[in-house]
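J.: Just so you know, the protein sequences line up as chains B and L, in that order. Those letters in the first sequence? Residues 1 to 317, per the working numbering, in order. Those letters in the second sequence? Residues 1 to 245, per the working numbering, in order.
Bear in mind the hints are in silico, worked out from the structure with no lab data behind them. One or more of the hints may lead you astray.
[Unchecked claim] Residues from chain L that face chain B, not an exhaustive set, calculated with beta carbons under 7 Å:
(1) 10
(2) 31
(3) 239
[To be verified] Using C-beta positions, here's what the derived DEER-type ranges look like:
(4) B:192 - L:67: 41 to 47 Å
(5) L:206 - B:295: 32 to 38 Å
(6) L:123 - B:284: 53 to 59 Å
(7) B:106 - L:130: 27 to 33 Å
[Unchecked claim] To list a few chain B residues with every Cβ distance to chain L over 12 Å, as calculated:
(8) 129
(9) 219
(10) 294
Where is the CB? At the ideal position from N, CA and C, for every residue including glycine.
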Amino acid sequence: MKPRHALLAVLVGLLAAAPWMLSDFMLSLVLTCLMYAGLTVTWAMFSGATNYLSLATAAFFGIGAYVTAWGFGALPYAVVVPLGGVASAVFAALIGAAVLHLRGAYFAVLTFGLGELVRHAITYFEKSYAHTVGRVIANPPESTSVYLTVLAIAAAAVWASVAVRRSRFGLALAGIGADEERAETLGVNTRRTKIAGFALSAFFAGALGAAMAVRWTYIEPNSVFNPFIGFQTVLIAMVGGAHTLIGPLVSSVVFSVLTEFLRLQFPYLFLTLLGLALILLVLYLPGGLASLWPILRARIAALGARLAALEGEGARG
Amino acid sequence: MADALLTAQGITVRFGGLLAVDAVGLEVRERELVGMIGPNGAGKTTLFHALSGVLKPNAGRLVVGGDDLTGRPAHLFATHGIARTFQTPRVFRTMTAEQNVRFGLAFAGRGRRHSHCAFDDAGSILGFLGLDEAARVPAAALTPAKQRLLEIGMALGARPRVLLLDEVAAGLTEAEVDAVSDLVRRVRDELGLAVVWIEHAVRALMNCVERIVVLHQGRKIADDLPQLVARDPAVIEAYLGEAAA
């Protein structure tokens, strides 16, 4: 086992032990971190690599949540969660086949509209056929098993991102991001690659939506198809550095903790402060938090060299 | 005569009301070295787009390596042995030169039979082009002349049978143009590829290729040996007409 893998295993082990070590408040904070980590890492896997800016995360998340709303009870939790992922992936593949030839702002706006469309469609369906506005989740699973499920999805998301980055599929996605037409002329089936990448990232968003839905006990379209989930995912990934793996990971922790801290300390100002922090980050760190690392490393190396030089002088003197 | 690697019949491309390519036919056989000339706006690049599948022609038929690929996506053209460069080099800027070449090898070039050891891997392709020292340099940091070479390297990575070169010598000094000319010959002589080369440097092209295709206002007006094309009245008219305008 490489040291990096060992580190990751230890981290996952520690996180898995968290329910027995942390307070309820802290555990819920860690859960939020994990949810955003899973969402942003898989968003970056597709959108970061290909530069297809997707705002459809809210739609995928909501579809997953509705699979739980409709299926939980009849089906066990362990079944509705992957089912939510599969439902979102199928939806993404169908939509992707229709719209993935659009680029830039058109694609972004369209994926945003998608969330709204699904939200209204479900609202209409529930009102007309089920004669209800929302759904109550009866007998939700214990918070520990929800936490562990979300942890498992987040860990799988990170693993999948690493695996995709190292694969030929990941290379194809990166080629599409760099110059789609060039990649196509070098033999990449860009259409199939894009649809597969979009569906894979939707799978994780859907599974996370299905897993998190049981925490709300009452589910209605307006709460689970929250466009902010889509925006936040994009923001976190960009703040972290959408082209990297570690950036979105670190950033989802920073973002979740910062949000919680500001919300508690400055309940009226917190969104303003959060916005300010984001503007500053985008202005002064356009490459995201991940771009700090090479700078820091250079500083540390320089410091080390200076220390070594000083020591050398000391030894001579 | 060997079978055609690429056969285009009646290729027609319209942009709105403009007829960019007008019923052009072209056949490229194994190890052929074909030059393509024509005044600006003659439709040369548009024809290349059609021949490489980047653009679907409005009419006509394209047969590549025995398969009818009319209207099919460009990646199939690549996997059937057509590789191309673009007029403005389109290298993957953040990737190193080696990664750029490896890209084609990972997709269209993957598993394709090849007879020459220059096609073995990214290193041997860069070596063939004289770019060994640039292997670890990001493509964006290379000089424009080297980026053009690297683009040829990306295309060679696809292990093609036909190489379409779109003005790879544009903006180069005379000595550099001669070097490119030598390279094109080596691609044919040593690697055994067929090459179709669009270039405005007519003199260099005439000395290099064995057959010249002339396009004018979207139509093919000549397709013959260089010395015959040079004497063709229609060709002289097209060029003089442009010079007089």
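J.: If a hint holds in the structure, say so; if it doesn't, say that too.
T.: The hints, checked one at a time:
{"no.": "1", "hint": "10", "verdict": "violated (23 Å)"}
{"no.": "2", "hint": "31", "verdict": "violated (22 Å)"}
{"no.": "3", "hint": "239", "verdict": "violated (31 Å)"}
{"no.": "4", "hint": "B:192 - L:67: 41 to 47 Å", "verdict": "violated (19 Å)"}
{"no.": "5", "hint": "L:206 - B:295: 32 to 38 Å", "verdict": "violated (54 Å)"}
{"no.": "6", "hint": "L:123 - B:284: 53 to 59 Å", "verdict": "violated (40 Å)"}
{"no.": "7", "hint": "B:106 - L:130: 27 to 33 Å", "verdict": "violated (43 Å)"}
{"no.": "8", "hint": "129", "verdict": "holds (41 Å)"}
{"no.": "9", "hint": "219", "verdict": "holds (42 Å)"}
{"no.": "10", "hint": "294", "verdict": "holds (14 Å)"}
Checked against the numbered hints above, the structure violates hints 1, 2, 3, 4, 5, 6, 7; every other hint is satisfied.
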